[in-house]
Amino acid sequence: MSELKVISHAMFNISVEQAEASRVDLEHGEGDFQKYCGQLLDELLENTRSKSFKFRAIEEFVPAHLNVLVNDQNEWDKRTLGIAEKLLSVEIDAQDKIKAMKKKIKKGALLILLLSRDNNFNFVILKIEHSDFFDEIESKIKKGLPLNRQRLQKSCLVSFSNTYDVEEILISDSGASISEYWWKNFLSTVELQSSEVNTKNAFGSIENFLKREVEKHSSVDYWYMRNDIIAYFRNNEQFAYDELVEKVRSHKPESPAIDERFDQIIEKFKALPDHKNSKFDRQFQLEPNVIRARIKKTIALSDNIELRINGEVADFRKKIVPESDALGKYLKIYSDTGYEEFSAGKEDNV
1 MSELKVISHA
11 MFNISVEQAE
21 ASRVDLEHGE
31 GDFQKYCGQL
41 LDELLENTRS
51 KSFKFRAIEE
61 FVPAHLNVLV
71 NDQNEWDKRT
81 LGIAEKLLSV
91 EIDAQDKIKA
101 MKKKIKKGAL
111 LILLLSRDNN
121 FNFVILKIEH
131 SDFFDEIESK
141 IKKGLPLNRQ
151 RLQKSCLVSF
161 SNTYDVEEIL
171 ISDSGASISE
181 YWWKNFLSTV
191 ELQSSEVNTK
201 NAFGSIENFL
211 KREVEKHSSV
221 DYWYMRNDII
231 AYFRNNEQFA
241 YDELVEKVRS
251 HKPESPAIDE
261 RFDQIIEKFK
271 ALPDHKNSKF
281 DRQFQLEPNV
291 IRARIKKTIA
301 LSDNIELRIN
311 GEVADFRKKI
321 VPESDALGKY
331 LKIYSDTGYE
341 EFSAGKEDNV
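Note that the sequence shown covers residues 1 to 350 in the numbering used here.
Worth double-checking, as some hints may not be accurate.
[Said to hold, decoys possible] EDC-like, lysine to aspartate or glutamate: derived pairs with alpha carbons at most 20 Å apart:
#1 LYS296 - GLU215
#2 LYS184 - GLU168
#3 LYS99 - GLU17
#4 LYS296 - GLU196
#5 LYS200 - GLU254
#6 LYS86 - GLU20
#7 LYS276 - GLU180
#8 LYS319 - GLU213
#9 LYS54 - GLU213
#10 LYS279 - GLU196
#11 LYS279 - GLU340
#12 LYS252 - ASP228
#13 LYS200 - ASP25
#14 LYS35 - ASP25
#15 LYS102 - GLU180
Hints are computed from structural coordinates only; laboratory data are not their basis. All of these numbers come straight from a predicted model, not from anything done at the bench.
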């Protein structure tokens with residue numbers, strides 16, 4: 001197991017209402033705080049909602065401060081306070097923009113950590129809950145950092161090499177999308193992959209996965225799962241891979257061949273964003289128009305008859321039903337428009 005060391009830490013309460021960033025003293029020990037920071041880092045590395053970024057320029061405010069501190073912590077207190085005041089300023093501006101909608105930026109504390117792991121440095125910048133709790137041992141109400149996984153509101157993990165070069169920046173948000181004020185105005189980062197590229201790569205990678213892992217074993221499961229995924233891409237503004245994984249997991253296999261290996265399929269599906277040939281972020285804004293043409297699929301029913309599917313089909317299982325009778329196999333498709341075209345004025349049977 002890799003050894004984790006907390007080199008420096010700082011925490012600030014950010015109050016938009018009072019326009020104040022105030023330092024919070026933490027008891028720094030080699031015991032539970034080290035363990036707590038290790039859990040935080042593990043959660044960030046395993047986060048199912050994250051997006052890759054890069055600094056817009058190392059001379060920007062927060063990047064410049066981090067670049068100094070990773071080399072020399074002599075100005076730790078001064079520069080971490082500067083970072084906290086930068087977030088306060090950004091949040092005040094962001095709050096001003098949304099006050100007409102009667103919305104408020106969620107309260108939280110800013111936790112800044114400089115960690116060493118495997119001879120590499122990691123900066124962790126978190127907006128985190130900092131709330132009251134009742135200490136049963138001392139029978140007192142205290143403030144502290146929660147242990148539940150919902151504690152992280154926003155995060156940024158900056159990984160440095162042993163030569164102090166930025167290797168990777170991962171940013172995440174507990175909300176549906178990553179707040180622009182966090183990644184753009186505060187951290188001064190830009191996307192590594194645009195929403196268009198992410199949408200294209202994600203859909204293409206998932207489509208190929210379904211063909212490879214599902215269609216060759218069960219075409220009916222392929223169509224139902226594909227329909228669910230198309231519905232997700234078409235009906236959501238934001239992409240969150242953990243949500244899509246759960247949507248796929250909720251599929252009820254039609255074929256025994258899929259049922260017996262369904263858990264294996266889900267595990268492979270969970271790792272799809274990291275595939276080297278078509279990587280995509282786990283959280284980004286969807287651009288449905290990018291995949292409009294790729295959504296269309298045609299099934300040849302006979303020499304001169306085709307079934308064309310242009311997008312998601314509501315109640316797919318009930319709307320297109322395979323049947324057979326003495327004359328052979330056929331599809332029963334429920335369609336008022338199709339019925340009118342071929343009914344020749346026949347009365348409906350009730």
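To see whether the hints hold, each was checked on the structure:
For the given pair, LYS296 sits about 16 Å from GLU215 by alpha-carbon distance, which is consistent with the 20 Å threshold. The hinted pair formed by LYS184 and GLU168 meets the criterion: a straight-line CA distance of about 16 Å does not exceed 20 Å. Between the alpha carbons of LYS99 and GLU17 the distance comes to roughly 12 Å, so the proposed pair stays at or under 20 Å and holds. A C-alpha spacing of about 18 Å is found between LYS296 and GLU196, which places the hinted pair at or below 20 Å, so the restraint holds.
With a CA separation close to 28 Å, the supplied pair LYS200 and GLU254 exceeds the 20 Å bound. For a cut-off of 20 Å, the pair hint linking LYS86 to GLU20 stands: about 11 Å separates their Cα positions. The hinted pair formed by LYS276 and GLU180 fails the criterion: a straight-line CA distance of about 28 Å is larger than 20 Å. As the CA atoms of LYS319 and GLU213 are separated by approximately 25 Å, the hinted pair breaks the 20 Å bound.
In summary, the hint linking LYS54 to GLU213 is not supported, as the alpha carbons are separated by about 34 Å, beyond the 20 Å threshold. Distance hint between LYS279 and GLU196 is fulfilled; the C-alpha atoms sit about 13 Å from each other, no more than 20 Å. For the hint linking LYS279 to GLU340, the alpha-carbon distance of about 47 Å lies beyond 20 Å, and the restraint is violated. For the hint linking LYS252 to ASP228, the alpha-carbon distance of about 12 Å falls within 20 Å, and the restraint holds.
Only pairs whose Cα atoms come within 20 Å are accepted, and LYS200 paired with ASP25 is rejected, the gap being roughly 46 Å. For the hint pairing LYS35 with ASP25, the CA-to-CA distance comes to about 18 Å; that is within 20 Å, so the pair holds. This hinted pair checks out: LYS102 and GLU180 have alpha carbons roughly 19 Å apart, not beyond 20 Å.
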